[in-house]
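If you're matching them up, the sequences are chains A and B in order.
Residues 1 to 379 in the UniProt record's numbering are what the first sequence spells out, letter by letter.
Residues 1 to 404 in the UniProt record's numbering are what the second sequence spells out, letter by letter.
What the hints contain is simulated information worked out from the structure, not anything from laboratory work.
Ideal Cβ placement from N, Cα and C applies to all residues, glycine included.
Just to be clear, a hint being listed does not mean it is correct.
Label-pair ranges, simulated between beta-carbon atoms [said to hold, decoys possible]:
#1 Pro328(B) with Gly340(A): 36 to 42 Å
#2 Ala53(B) with Pro60(A): 56 to 62 Å
#3 Gly378(A) with Thr16(B): 32 to 38 Å
#4 Glu10(B) with Lys311(A): 49 to 55 Å
#5 Pro25(A) with Gly324(B): 45 to 51 Å
#6 Glu10(B) with Gln266(A): 22 to 28 Å
#7 Lys396(B) with Pro38(A): 45 to 51 Å
#8 Asn367(A) with Pro36(B): 28 to 34 Å
#9 Gly403(B) with Asp308(A): 46 to 52 Å
#10 Ser298(B) with Thr220(A): 41 to 47 Å
#11 Asn367(A) with Thr208(B): 54 to 60 Å
#12 Met52(A) with Glu122(B): 32 to 38 Å
#13 Glu15(B) with Asn367(A): 35 to 41 Å
To be clear about the criterion: a stretch of chain B counts as covered by chain A if any three or more of its residues have a C-beta under 8 Å from a C-beta of chain A, and this derived list gives those stretches [unchecked claim]:
#14 276 to 289
#15 292 to 303
#16 395 to 401
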Amino acid sequence: MALVLTEEQSMLRDSARGLISDKAPVSHLRHLRDSKDPTGFSKEFWQSFAEMGFAGLLVPEEFGGSGLGFVEAGVVMEEIGRTLMSSPFLATSVVAASALNRGGNAAQKSEHLPKIANGSLLATLAIDEGAKHRPLQTSLQAVRAGNGFKLSGAKALVVDGHVADLMIVAARTAGSAGERDGLTLFLVNPQAKGVAIERTIMVDSHNAARIEFVNVEVNTDSVLGEVDQGAGLLDGVLDIGRGAVASEMVGLSDEVFNRTVEYLKQRKQFGKLIGEFQALQHRAAQLYVDIEITRAAVMKALQALDTDVGKAASAVAVAKARAGTTATRAVQEGVQMHGGMGMTDQFDIGFFMKRARVCEELFGDANYHTEQLARARGY
Amino acid sequence: MTEAKTNDSETDDLETFRSETRAWLEANCPPEMRKPVASDTDVFWGGRNAKFASEPQRVWFERMRDKGWTVPDWPKEYGGGGLSAAEHKVLRAEMAKMGARPPLSSFGIWMLGPALLKYGNEAQKQEHLPKIAAGLIRWCQGYSEPNAGSDLASLQTRADSDGDDFIINGQKIWTSYANYADWIFCLVRTDPAAKKHDGISFILFDMTSKGVSTKPILLISGYSPFCETFFDNVRVPKSHVVGTVNRGWDVAKYLLQHERAMISGMGERGVGRPLGQIAADSIGTDAQGRLDDAMLRSQISTFEVDEAALAACAERAVDLAKAGQAHPAFSSAMKYYGTELNKRRYEILMSAGGVDALEWESERSKQGARPRAWLRTKANSIEGGTSEVMLGIVAKRILDLPGA
Numbered sequence: 001m002a003l004v005l006t007e008e009q010s011m012l013r014d015s016a017r018g019l020i021s022d023k024a025p026v027s028h029l030r031h032l033r034d035s036k037d038p039t040g041f042s043k044e045f046w047q048s049f050a051e052m053g054f055a056g057l058l059v060p061e062e063f064g065g066s067g068l069g070f071v072e073a074g075v076v077m078e079e080i081g082r083t084l085m086s087s088p089f090l091a092t093s094v095v096a097a098s099a100l101n102r103g104g105n106a107a108q109k110s111e112h113l114p115k116i117a118n119g120s121l122l123a124t125l126a127i128d129e130g131a132k133h134r135p136l137q138t139s140l141q142a143v144r145a146g147n148g149f150k151l152s153g154a155k156a157l158v159v160d161g162h163v164a165d166l167m168i169v170a171a172r173t174a175g176s177a178g179e180r181d182g183l184t185l186f187l188v189n190p191q192a193k194g195v196a197i198e199r200t201i202m203v204d205s206h207n208a209a210r211i212e213f214v215n216v217e218v219n220t221d222s223v224l225g226e227v228d229q230g231a232g233l234l235d236g237v238l239d240i241g242r243g244a245v246a247s248e249m250v251g252l253s254d255e256v257f258n259r260t261v262e263y264l265k266q267r268k269q270f271g272k273l274i275g276e277f278q279a280l281q282h283r284a285a286q287l288y289v290d291i292e293i294t295r296a297a298v299m300k301a302l303q304a305l306d307t308d309v310g311k312a313a314s315a316v317a318v319a320k321a322r323a324g325t326t327a328t329r330a331v332q333e334g335v336q337m338h339g340g341m342g343m344t345d346q347f348d349i350g351f352f353m354k355r356a357r358v359c360e361e362l363f364g365d366a367n368y369h370t371e372q373l374a375r376a377r378g379y
Numbered sequence: 001m002t003e004a005k006t007n008d009s010e011t012d013d014l015e016t017f018r019s020e021t022r023a024w025l026e027a028n029c030p031p032e033m034r035k036p037v038a039s040d041t042d043v044f045w046g047g048r049n050a051k052f053a054s055e056p057q058r059v060w061f062e063r064m065r066d067k068g069w070t071v072p073d074w075p076k077e078y079g080g081g082g083l084s085a086a087e088h089k090v091l092r093a094e095m096a097k098m099g100a101r102p103p104l105s106s107f108g109i110w111m112l113g114p115a116l117l118k119y120g121n122e123a124q125k126q127e128h129l130p131k132i133a134a135g136l137i138r139w140c141q142g143y144s145e146p147n148a149g150s151d152l153a154s155l156q157t158r159a160d161s162d163g164d165d166f167i168i169n170g171q172k173i174w175t176s177y178a179n180y181a182d183w184i185f186c187l188v189r190t191d192p193a194a195k196k197h198d199g200i201s202f203i204l205f206d207m208t209s210k211g212v213s214t215k216p217i218l219l220i221s222g223y224s225p226f227c228e229t230f231f232d233n234v235r236v237p238k239s240h241v242v243g244t245v246n247r248g249w250d251v252a253k254y255l256l257q258h259e260r261a262m263i264s265g266m267g268e269r270g271v272g273r274p275l276g277q278i279a280a281d282s283i284g285t286d287a288q289g290r291l292d293d294a295m296l297r298s299q300i301s302t303f304e305v306d307e308a309a310l311a312a313c314a315e316r317a318v319d320l321a322k323a324g325q326a327h328p329a330f331s332s333a334m335k336y337y338g339t340e341l342n343k344r345r346y347e348i349l350m351s352a353g354g355v356d357a358l359e360w361e362s363e364r365s366k367q368g369a370r371p372r373a374w375l376r377t378k379a380n381s382i383e384g385g386t387s388e389v390m391l392g393i394v395a396k397r398i399l400d401l402p403g404a
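Construct all of the structure, not just a fragment, from the sequences and the given hints.
As structure tokens, this is what we get:
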């Protein structure tokens, strides 16, 4: 498979770019933040996104979706990254749709996937519990009770958690924190008794929530995949999410870089354009190389996911680790090279820095994924 | 529909090519030639005075030569394999999978060949390309001079017109393996009055010509891979100029792109065992099986992330070129990153080896192979254009930043 976009994928990129840059530029996020928008994204825009086929991009055609692959999802995520668009695409259309499609039984798929595709259902994965992403450390308890389970525990950084219609909750049905065996995924209605949702306003003005579960009752039909054997399903779904976030970070890095290079060509000091200074030229060139290398690593990971999700772990670890360090560098250089203007809220650069920080933590940061690679290679 | 069908049959053809290639390589690559290159004698360079280091090396070279696979993507009429870019990629991947060594290494293959294919006339192609493919002539590169390093275009070696010939006088430096080379491709000044980029020609001549002499330079590695090369009234026919007289800089730049692509890929090949395992062998592991040096372990894993990402980028660069979407200066970006990464690899290898990696002469250390290789890598970010020159090219030609 060539590591370049096909003609169809380029057309998808152009149409996503056109729509997003027109309807959801960075100023749109700024408006959501300043107006303290209770939803945190534009519902009207999400509807038109769905009508264009984006919401159901990964949903199979038999359930009303477009049945496209992870490379295509990455193409859309990259465009989302360029304008820092706040939307349910990541949580609902990529992560939750993949979890349902890969782990769901016939009834679960036919109930939820068509609604994801038509934009009427928002869903999310609740995974993290501690300060850092440690999926195997999951300790939210699911205890057998009657014809089902009772869930107790707490989740953090649940993307779109305060607006989701459906939560996919990682819980422990056996074993103890750190073990692979004993993890189970549950479909939970956020309206259920015992669920307490706190919307957390985040540094990046994107949606997240902390959610507490106190004896939340779910029946056995709510189990996604197999009881106690959820780790495999979770691995794949998380890797898909990681690939998507890495794509968002490539888009974000590329956009912040382009804006910075443009600034170097306009700003004058000492009677010269600051882009004439070799100190800045070389740093800009290094950043360009970093971004291009990361872009290739991310494409490689998305293609690996399309080929076989179960065998993509190392490629995804490389992609997410690279995307994290590259985006961090891009936003820091962006602010630095914009000088004092980069520190002002009025300039958009700060928004990129804030979003990059959140993307870095989502589904494991660069340190986490570098460690995973070391373990996979046995040293 | 028609289009999809064509793609499918192309994919089928490629898969057939893959399985046939794999079977052929399995049957024809001697087991000895599937081990990583450990020293310079493991590399076969060809040339008039070439000797094979071993029988398997000879067998492997001759079998690959007979298929045209010393230069798989060159046209068959010039001794190549006539493979498409996609087939060439498959061949490389299959060779890498079994660890097969390149059957023939040479500056003729990596640098001069591509330049001749683009700029050479038919007679020059017929004369030189088949001899490169068959390993009969070993080439060296006469570019740098004592006062023309990063500022290569300021070179002063003169070629004065004398009837149908040029008379060449001057000195080159850092001429790789000039003392073993049969022929040289050389940049000379044919118009001293023109602006510095405009008076240069790209010319080929025999190193046994009267007036050519070489003197090896001893490096910090203790090796002498480079020479000073002197020209004292060397007479060369004007027909040996490649491209147009005084337009040699175009050829030089084109060739440099290939040189940079070659150098950036040096870290990828013949790597052998993973760094983490090499380190674990010498340092040991803790109860969880982790390398017993947490900081080095994190350096290695960070390196491996970057290494895998660079490999993806190198693959993408080939695909972009094939799709006609490559920026001509992108090889400078790859050269910069690839060489810096290779230096990192050897810093890690030295740290992993510890005291054992410090021995310079013992049999145990294979005559100090690792520290000498470590020192050799320091040239990677200097030769073929320094990292700083590469970043300058990226800044100006790709990012279009102002000035100079």
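- [ ] Of all the hints given earlier, name the ones this structure violates by number, lowest first.
- [x] 4, 5, 6, 12
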